[in-house]
Structures are given as structure tokens and as C-alpha cells.
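Chains B and C: place on chain A using the hints.
Chains as they are written, first to last, in this note's numbering: chain A, 1 to 344; chain B, 1 to 344; chain C, 1 to 344.
Calculated from the structure, these hints are not laboratory results. Some hints here could point you the wrong way.
One copy or two, either will do: identical chains are not told apart, so a pair holds if it fits within one copy or between any two.
Stated by the list, open to error - Using 30 Å as the maximum straight-line C-alpha spacing, the simulated DSSO-like pairs for lysine-lysine come out as follows:
| id | residue 1 | residue 2 |
| --- | --- | --- |
| 1 | 308 | 294 |
| 2 | 291 | 44 |
| 3 | 76 | 291 |
| 4 | 291 | 308 |
| 5 | 76 | 190 |
| 6 | 341 | 329 |
| 7 | 44 | 2 |
| 8 | 50 | 190 |
| 9 | 50 | 76 |
| 10 | 291 | 190 |
| 11 | 294 | 44 |
| 12 | 190 | 128 |
| 13 | 44 | 190 |
| 14 | 128 | 149 |
| 15 | 190 | 2 |
| 16 | 190 | 149 |
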Amino acid sequence: MKHTVQEIADMVAGELHGDGSHVLETVASLRTAGPRDLTYAEEKFVEDAKRSRAGCVLVAEGDFPGQNVIRVRHPKLAFARAAHLLLMEASEPPSIHSTAVIAGDARIGQGVSIGPGVVIEPGATVGKGSAVEAGTYIGRNSTIGENCKIHPRVVIYANVSIGNRAIVHSGAVVGADGFGFVRDGASYVKFPQAGRVVIEDDVEIGANTCIDRGSLETTLIRRGVKLDNLVQVAHNVEIGEDTVIASQAGISGSCTIGAHSMIGGQVGMGEQAHLARGTMIGGQGGVLAGKRVKGGELLFGTPVRPLKEFLAQQAHLSRLPRLAEELRKLRAEWNEFRRAKPLK
Amino acid sequence: MKHTVQEIADMVAGELHGDGSHVLETVASLRTAGPRDLTYAEEKFVEDAKRSRAGCVLVAEGDFPGQNVIRVRHPKLAFARAAHLLLMEASEPPSIHSTAVIAGDARIGQGVSIGPGVVIEPGATVGKGSAVEAGTYIGRNSTIGENCKIHPRVVIYANVSIGNRAIVHSGAVVGADGFGFVRDGASYVKFPQAGRVVIEDDVEIGANTCIDRGSLETTLIRRGVKLDNLVQVAHNVEIGEDTVIASQAGISGSCTIGAHSMIGGQVGMGEQAHLARGTMIGGQGGVLAGKRVKGGELLFGTPVRPLKEFLAQQAHLSRLPRLAEELRKLRAEWNEFRRAKPLK
Amino acid sequence: MKHTVQEIADMVAGELHGDGSHVLETVASLRTAGPRDLTYAEEKFVEDAKRSRAGCVLVAEGDFPGQNVIRVRHPKLAFARAAHLLLMEASEPPSIHSTAVIAGDARIGQGVSIGPGVVIEPGATVGKGSAVEAGTYIGRNSTIGENCKIHPRVVIYANVSIGNRAIVHSGAVVGADGFGFVRDGASYVKFPQAGRVVIEDDVEIGANTCIDRGSLETTLIRRGVKLDNLVQVAHNVEIGEDTVIASQAGISGSCTIGAHSMIGGQVGMGEQAHLARGTMIGGQGGVLAGKRVKGGELLFGTPVRPLKEFLAQQAHLSRLPRLAEELRKLRAEWNEFRRAKPLK
Numbered sequence: 001m002k003h004t005v006q007e008i009a010d011m012v013a014g015e016l017h018g019d020g021s022h023v024l025e026t027v028a029s030l031r032t033a034g035p036r037d038l039t040y041a042e043e044k045f046v047e048d049a050k051r052s053r054a055g056c057v058l059v060a061e062g063d064f065p066g067q068n069v070i071r072v073r074h075p076k077l078a079f080a081r082a083a084h085l086l087l088m089e090a091s092e093p094p095s096i097h098s099t100a101v102i103a104g105d106a107r108i109g110q111g112v113s114i115g116p117g118v119v120i121e122p123g124a125t126v127g128k129g130s131a132v133e134a135g136t137y138i139g140r141n142s143t144i145g146e147n148c149k150i151h152p153r154v155v156i157y158a159n160v161s162i163g164n165r166a167i168v169h170s171g172a173v174v175g176a177d178g179f180g181f182v183r184d185g186a187s188y189v190k191f192p193q194a195g196r197v198v199i200e201d202d203v204e205i206g207a208n209t210c211i212d213r214g215s216l217e218t219t220l221i222r223r224g225v226k227l228d229n230l231v232q233v234a235h236n237v238e239i240g241e242d243t244v245i246a247s248q249a250g251i252s253g254s255c256t257i258g259a260h261s262m263i264g265g266q267v268g269m270g271e272q273a274h275l276a277r278g279t280m281i282g283g284q285g286g287v288l289a290g291k292r293v294k295g296g297e298l299l300f301g302t303p304v305r306p307l308k309e310f311l312a313q314q315a316h317l318s319r320l321p322r323l324a325e326e327l328r329k330l331r332a333e334w335n336e337f338r339r340a341k342p343l344k
Numbered sequence: 001m002k003h004t005v006q007e008i009a010d011m012v013a014g015e016l017h018g019d020g021s022h023v024l025e026t027v028a029s030l031r032t033a034g035p036r037d038l039t040y041a042e043e044k045f046v047e048d049a050k051r052s053r054a055g056c057v058l059v060a061e062g063d064f065p066g067q068n069v070i071r072v073r074h075p076k077l078a079f080a081r082a083a084h085l086l087l088m089e090a091s092e093p094p095s096i097h098s099t100a101v102i103a104g105d106a107r108i109g110q111g112v113s114i115g116p117g118v119v120i121e122p123g124a125t126v127g128k129g130s131a132v133e134a135g136t137y138i139g140r141n142s143t144i145g146e147n148c149k150i151h152p153r154v155v156i157y158a159n160v161s162i163g164n165r166a167i168v169h170s171g172a173v174v175g176a177d178g179f180g181f182v183r184d185g186a187s188y189v190k191f192p193q194a195g196r197v198v199i200e201d202d203v204e205i206g207a208n209t210c211i212d213r214g215s216l217e218t219t220l221i222r223r224g225v226k227l228d229n230l231v232q233v234a235h236n237v238e239i240g241e242d243t244v245i246a247s248q249a250g251i252s253g254s255c256t257i258g259a260h261s262m263i264g265g266q267v268g269m270g271e272q273a274h275l276a277r278g279t280m281i282g283g284q285g286g287v288l289a290g291k292r293v294k295g296g297e298l299l300f301g302t303p304v305r306p307l308k309e310f311l312a313q314q315a316h317l318s319r320l321p322r323l324a325e326e327l328r329k330l331r332a333e334w335n336e337f338r339r340a341k342p343l344k
Numbered sequence: 001m002k003h004t005v006q007e008i009a010d011m012v013a014g015e016l017h018g019d020g021s022h023v024l025e026t027v028a029s030l031r032t033a034g035p036r037d038l039t040y041a042e043e044k045f046v047e048d049a050k051r052s053r054a055g056c057v058l059v060a061e062g063d064f065p066g067q068n069v070i071r072v073r074h075p076k077l078a079f080a081r082a083a084h085l086l087l088m089e090a091s092e093p094p095s096i097h098s099t100a101v102i103a104g105d106a107r108i109g110q111g112v113s114i115g116p117g118v119v120i121e122p123g124a125t126v127g128k129g130s131a132v133e134a135g136t137y138i139g140r141n142s143t144i145g146e147n148c149k150i151h152p153r154v155v156i157y158a159n160v161s162i163g164n165r166a167i168v169h170s171g172a173v174v175g176a177d178g179f180g181f182v183r184d185g186a187s188y189v190k191f192p193q194a195g196r197v198v199i200e201d202d203v204e205i206g207a208n209t210c211i212d213r214g215s216l217e218t219t220l221i222r223r224g225v226k227l228d229n230l231v232q233v234a235h236n237v238e239i240g241e242d243t244v245i246a247s248q249a250g251i252s253g254s255c256t257i258g259a260h261s262m263i264g265g266q267v268g269m270g271e272q273a274h275l276a277r278g279t280m281i282g283g284q285g286g287v288l289a290g291k292r293v294k295g296g297e298l299l300f301g302t303p304v305r306p307l308k309e310f311l312a313q314q315a316h317l318s319r320l321p322r323l324a325e326e327l328r329k330l331r332a333e334w335n336e337f338r339r340a341k342p343l344k
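Extracted from the complex, chain A is given alone in its bound form:
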């Protein structure tokens, strides 16, 4: 949706320099932006900003004669906010496609859009202003909050609760059975996976990510959590507020992750591991089952350890050949000495 430079400046509470009536249509990177684009420049790119053809640049400081700029404290954050406005599509009137299969007792809020081939089972709820796109499945008694965007071909099993403003990307599966079995001699009997999944407000779930239901209790994803693509969240896991988990990380059953944590790509956590608030784990790190990890530090490696320790170990490792050689030499000198001067 089009906005003037003045409107953007007001929205981000910035200081406008230039032509406030200039009209912006969309956003672009500093390198590619043209006259109808809003962009932003981090401090190190201020010189590039001066050469930019952008319709408007968000900057922290500097002098830009002849250009439209908005000065704000955090240009990237202001850009992210303004981009939501510019990228908002001219809202089509909400509609429910004729090929959707919606149970008679499902509750569909005002202004909900439902795409072709969507299936909504009995007892399910979709809150007002939400969009459920083509081919998505919403199971019995599951609830989608308000102003959510559920992309095509998502599967929500029964008895899942999703809060407001959730974004769920295609192929995500929420509420499948946890992986729990009891041995019966050499074979396995399925342990009941009868718990729920509760996802609070403002959560984003990446493409093809899986969040299993609790076995007897609840898998809980708290407000503001962001999960990348292909992430595995097993049964009974609890993830604290505003935690971000990068692609292909795997969180085993009954783990807890404290709020404001950052989990890197391909990190693996064994069962019943616990991360304190504010834990950061670098990509491919491994947390052993049952481990309790203190927060506030950047951890690396398998098993995870503080970055400083990890780097020290890497350094020692790379010095190993030299260490072995030094020992060999010392031994040789000693042997020569002892040959020359036997102890007795």
C-alpha cells in the first residue's frame, strides 16, 4: 500500500529531511532501491546511502542534501515496522472458498478468509481476521486465534490451541503424536499421545516444522517464539517467551528452554535437558539428555561448553601434533642423556 514519506516519518516517529509528499510503494535493499522504494542504511553503509536512488532512506545520522531521509535511532527496526505498512496488500474482501469443507459446528470469526480445499473439522474455531490458505487442515476442537496467517497445506491435528497473530508456514505439522513407546519383550507398544499443544500469541512457525502434542500433558510454545523451517519440537517440551530457534534444530521430549534463548541451526537437545533463560547455543551444538545448562552464555560444540572453552579446546587440538613432537624430542634428549650418564 502506498504511503508518503511524511506518513512513514510519522509512523516511525522520525525526523524528516526532504520531500514529505513523495510517494513510496514498496521496500528494497540499499543496493537496489529506486524512487518508489523505502530502504535503510546501517551506519557503516552511510556513504552508500548518499549514492542511493531510493525514494527515502532511514538513517541514524548524517547529511543528505537533495535526498529524502528519515532520521531514527534504529534504522533497521524502523524499516521493519514501516515495511509492514508498505507491504500490506490491498486487502481483498475476505471470502470462504466454495471447495472448503467446514464442519457445521465450526466457529468462523468475522473477516476470516478460507482458501480452496481447506478442511475444518467439528468443534474447531478460527478467530476473526485470520486467513487459512489453500489445503490447510484444522482438526477437531482446535482453535486458531485472531489475525493469524496459516499458509497453504499446514496440518493442525485435533485439540491444538494457537494464539493471536500466529504465522504458520506451509507444510508445518502441529500436534502429531509424540514418539513414545513401551517395550514389550522385543517389540514396542505405543504409549498414549493424548496431550495437547498450546501455542501462545505472536508465534511464527517455519515451513515443514513439526511440533508434537504432549503425551499426557501439554507441549507449550510461549508468546513471541520464532521457529525456523524443519525444526523438531517433541512431546511435552516447553519453550519460553521470545526464544528463537533456527532451522533443523531438534528438541527432544520433555526439554525446557528458558525465555529469550537463541538456539542455532541443527542444534540437538537430548531428552529432559533444560536451558536457563537467555541461553545461546551455536549451530550444530549438542546438549546431552538430562543436562541443565545455565543461561547468558554463548555455548558451542558437542557436548556444549562456553565459547571461550570451546575455542581453547580447538586451539589445543590444533597444537596436538606439535605437542606430540615436543614430547618426542624431550624423550630423545633424556634417553641420550641417560645413555651417557646412567643413574648408577
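Here is chains B and C on its own, set in the frame of chain A:
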């Protein structure tokens, strides 16, 4: 489905203490169970069990005056069995949704349920009592056995055979092409992926898990195998009976895994690696291509080695800084000595 | 489709020995091939080829009296090419299923097949001869080239461009939002994910693989790239021509991978890492964020290093216990010596 305590006791062949006529409706954890719930207590939680408000507790031993308990040898296993009964939904009459697209020559057994938007291609078979849920695709000449549960949005390619009592979770893809190419100068020509997938009875396949078809032969998943979410099984792999594979593990082409093995999350196996019967590999372990691993031991690390060896190596690693310091000191003493007493 | 041995010999430009009029129907492995099957034998299997019951064997050399053989320089490559002919299905007349939901202004080329439940949004294009199978979703203004095969239940978001002869397997998601957020105090604001995905010709994308759209620029997959199942390609990544990436590898945002590279299964690349042309990384290898890796070498481990170095380090690691013991002994001898002969 409701059952009396007596019925549950009979079903698990346990010793009933208390009111056999008390009616149970579902299952819950020891911590949350109320008067209509069945639960169980492992031995270490027997004291908690005494305080439980559950309608009935499965226990191994102990005295519970005033409570309904059933004594069995393996409470968790008995609970898993009884849960199947209590959680069985009052079976709706099987139905075939009008939006399903079913080839005229597909064979659909008695009591089969087929959800909205399901596609069943020519020559395919669905055995009696199976449920194929919304949006699932079953390719040409593929066979689903009896009493299977295929969750929404599963894709079964052509010429796949799935046995009886299979559970396949949403987003799973069975029978896609294996990853095989032949170099032609700098580019690649696709090697034919014309083999099959055969999945025997009692297999469970997790959400978004992929099992590729054989290139010229067959990818074979034997009876009772359980695969977690997001697992990759490449072409021509064979997985032995009652083996369990945790989330995000990846099994490369032509690997074999013996029966009763346990593969941890995010384990990776290179091509043509072979695991003997009863192999256990801890999370994130790596098996090199072509490796033959003996069974019956717990293996860890990349490349995998016995846990004892792995732990010893970890211990040596953490002592490395001290080792380097000890060598430095010994060298210093020796140098001082040699300065004081030259050899000649 | 049936072909005579002579037709196959002509197609692969090979030297025919035997009965050129013999009819072949399909392909099989050397071990299982029967009279109607084409197979091939690598040099080490020439003796097996002599015992084969195959209708025809592609070989590099050797004498096979009484058998139909075709001599070619690269039997496996010739087999791959010939297999395309034999496995080509008698083309059913292209059809557009009545349950597909196709926008009025979508452009559908000649000879396109569209399966049940497919959704094609406004402004999208499908080039001639392509097949879009059941339940696939193609977003606004996205383009599929000519002679592509899009398997069931694929999701292509809006503004994605896919070239000619692409093969996209089930569950793949192309164009979902990249994982980008800006901190706003303790919470996160979504950074715009408004860029595109461009996929050039002859690319194959595996089942449940995810390719995210650029944030402000473009995610670019060049000609001939092959991606296995469950691979993650993040926003703004560029992958060079004829590069192959094995299952479950994860490529973080803004990485570049040079042409003709080979990336093993479960490899992880941190953000903004760069691989030169012809880089090879073994399974589970880890590339640190921001790293620049030279090509032409086989790299292993986390962080990655040349195979030779990796193996040397592994060897040193396994000698660590002995090293520690040797140091202990030398120290003991020295201490004994010093007790016997104090320095002063």
C-alpha cells in the same frame, strides 16, 4: 470409550483392589489425573500415587487403602495397553467423503474411511478398516494394508506397499525418487529411481519423514519399525524389525540397519554403512560411509565409537590444557638442568 | 515404453553384440534383471554380467557369447540415459482435473496436466508440457517453466520463478519467508521477507525440502543444481551450477556456494559463509558463519578442514591416552633422577 476399573483389570490381567464398578473415561498423568482418569505409577513415584485423585492407578506393588489400584508387573506397559481402549473414539460409521477423487479400479476394503480431498490413483488398494484422512495422496498401484491410519496430507507415490496397522503422520512422503545421478562431464544425468518401497506390518512413520524408493531394487522397512519426525531414509535402505529411529536422523543410500537397533536423533549414516542387530547410536552420532558397526553396544560421536571410549576421549580432551602445561614445565626443568650441567 | 536392443544401442551410440530385434520393456539391477530388462555392469562386475539373464547388458568391454550386450565407454551413464526412454510412461493425454482451482488469468501452456485439487493463483504461469500433480499450490505471479514435473502437495509461494525441466518432489516448500527479525527490546519485529526465489533450468528439489525467499533480494538456485530431501536453503542464498546437496543439509542466510560443489548430508553452514567453486564437504561437516572456504578439496569435521588434516587430528586424538602416559613416565623418570641427583 468408557470402561470400568474391572474391565481394565481384566484387560491387563492385573490384581484389582478397590471398586471395580468405578467408571473410567480417559487417561492422564499421575500429576493431573482426576476421578475419571486411569493413570500409572513407576516404583519411585509410589508415594505420589498415594496422594493421587485418579479414578484408578496401575502400580507394581504397595498398599493403597481407599483408592482403586490395579497391581501389574509392568505398570507403564499395562497403562499403554489400557490407554488404547480408553482413547478409542466411539467409531463413527466409516464414510467416503464426496470430494475424494478415487480411481474407478482402486480397491477400497470394507469399513474404510476416506476424508475430503483424498486422491487415490488407478490400481491402488486400501485394506479393510483403514482410515485415509483429508488430502492424502495414494499413487498408482500402491497398497495400504488393513486397519491403517494415514493422517492428513500424506503422500504415497506409486508402487509402494504398506502393511497392516501402519500409522503414517502428516506430511510424510513415501516413495519419492532417491538421490542418484551419474556425472556426464560437468553436469548430472538422473539415474533411474524405478524401484519400490515395501513397509511391513506395525510400522509408524513420523510427520514430514521421507522414505525414498529404491533405485533399481527395494527400500525395505521391516515389521514394527518406528520412525520419528523429519527422518530421512534414502534409496535401497533396509531397516530391521523393531528398530526405532529418532527425529532428524538421516540414513544414506544402501545402508542396512539390523533388527532391534536404536538410532538417536540427528544421527547420520554415510552410504553403504551397515549396523549389526541391536546397535545403539546416541544423538548426533556419525557413521562413516561403508563402515560396518557391531551391534550390542552404545556408540557415540563422529565417527561413532563405544560410549566408554568416547567418554575417555572427552576426558583426555578436557585434560589437554593441563597436559600441555605439564610438558612445558618438564621441558623448563630439563633446560635449566642442561644449562647447569652441559652433557660434555 | 518398449524399445528394441538395436534402438537402445543407437540411442547410446554403442556397439551392439547379439540380437538387435530383442524387445526390452524396463530396467533392473544386474542381480535381478530378466529377459525384458536392460541392465548394466561396471567393470568389477563383468563376471556377474556373464551369468545375467538380462535382455541386454551395457558393458565397457568383455566377451559375452550368447548374450545381448552393448559396449559403451561409460555403461552407467549410458544406462541412465536409456532408462529415461524405457521408463517413459505411455503418455496419457494431458488433462486438467475438474477439481483444480485455476485463476482466470493464470497462463497454462499446451499439453499441461493438472491434477485434482491443484490451486493456481492469479497471474501464475505453467509452461507447456509440464505436469502439476494433485494438491500442489502455485502462488500469485509464480512461474513454472516447460516440461517440469511438480509432484503432489508441493507449495510454491508467490513470486517464485522455476525454469524448465525442473522436478519438484512432494512436500517441498519454495518461497516461504526467510527467518529474519529485528530486536525491539526483549521482543522481535519481523524483518520484511519481500524478495524472490529464482530457480534456473534442470534443477531437482527433494521431498520436504525448503527454499526460502530473499528478504529484500533474491534466493538463487542455478542451472542443474540437485537438492536431496529435507534440505534447508535460507533467504538470499546463491547456489552455483551443477552443485549437489545431500539430505538434511542446512544453508543459512546469505551463504554462497560455488558451482560444481558437493555438500554432504547434514552439513551445516552458518550465515554468510562462502564456498568457492568445486568445494566438497563430507557429511555432518560444519562451516562457521562468515567463513570463506577454498574449493577443490574434500573438507570434513566441525569446523571443516581438509580431509588430510581432519584424519591427522583424529589420529592424534586416538593417540592422546598414550601421549599422556608417555609424559607421565618421563616425568616419573625425571623425578627419580632429581631425587637421586639434586641440582646443587
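Structure-based check of each hint:
Taking the shortest alpha-carbon separations for residue 308 and residue 294, both the intra-copy value of 15 Å and the inter-copy value of 26 Å come in at or below 30 Å. Proximity of residue 291 to residue 44 under the C-alpha cut-off of 30 Å is restricted to the inter-copy arrangement: shortest distance 21 Å between copies versus 41 Å within a copy. When the C-alpha separation of residue 76 and residue 291 is checked against a cutoff of 30 Å, the pair qualifies only between copies, where the shortest distance is 25 Å, while the shortest distance within a copy is 37 Å. Proximity of residue 291 to residue 308 under the C-alpha cut-off of 30 Å is found in both arrangements, the shortest distances being 20 Å within a copy and 19 Å between copies.
Taking the closest pair of Cα atoms, residue 76 and residue 190 come within 30 Å of each other only across two copies (11 Å); inside a single copy the shortest separation is 49 Å, beyond that limit. For the identical chains of this complex, residue 341 and residue 329 are neighbours both inside a copy (18 Å) and across copies (19 Å), given an alpha-carbon limit of 30 Å. Taking the closest pair of Cα atoms, residue 44 and residue 2 come within 30 Å of each other only inside a single copy of the chain (29 Å); across copies the shortest separation is 65 Å, beyond that limit. In this assembly of identical chains, the alpha carbons of residue 50 and residue 190 lie at most 30 Å apart only when taken from different copies (26 Å versus 64 Å within one copy).
In this homomeric assembly, residue 50 and residue 76 come within 30 Å of each other (Cα to Cα) only inside a single copy, at 17 Å, whereas the closest approach across copies is 58 Å. When the C-alpha separation of residue 291 and residue 190 is checked against a cutoff of 30 Å, the pair qualifies only within one copy, where the shortest distance is 26 Å, while the shortest distance between copies is 32 Å. When the C-alpha separation of residue 294 and residue 44 is checked against a cutoff of 30 Å, the pair qualifies only between copies, where the shortest distance is 28 Å, while the shortest distance within a copy is 35 Å. Within a single copy, residue 190 and residue 128 get their C-alpha atoms only as close as 38 Å, which misses the 30 Å cut-off; across copies the closest is 22 Å, which meets it.
Taking the shortest Cα distances, residue 44 and residue 190 sit within 30 Å of each other only across copies (22 Å), while inside one copy they are farther apart (57 Å). Taking the shortest Cα distances, residue 128 and residue 149 sit within 30 Å of each other inside one copy (11 Å), while across copies they are farther apart (33 Å). Taking identical chains as interchangeable, the C-alpha atoms of residue 190 and residue 2 lie at most 30 Å apart only when they sit on different chains, with a minimum of 20 Å there against 55 Å within one chain. For a Cα distance limit of 30 Å, the shortest separation of residue 190 from residue 149 across copies, 14 Å, qualifies, whereas the shortest one inside one copy, 34 Å, does not.
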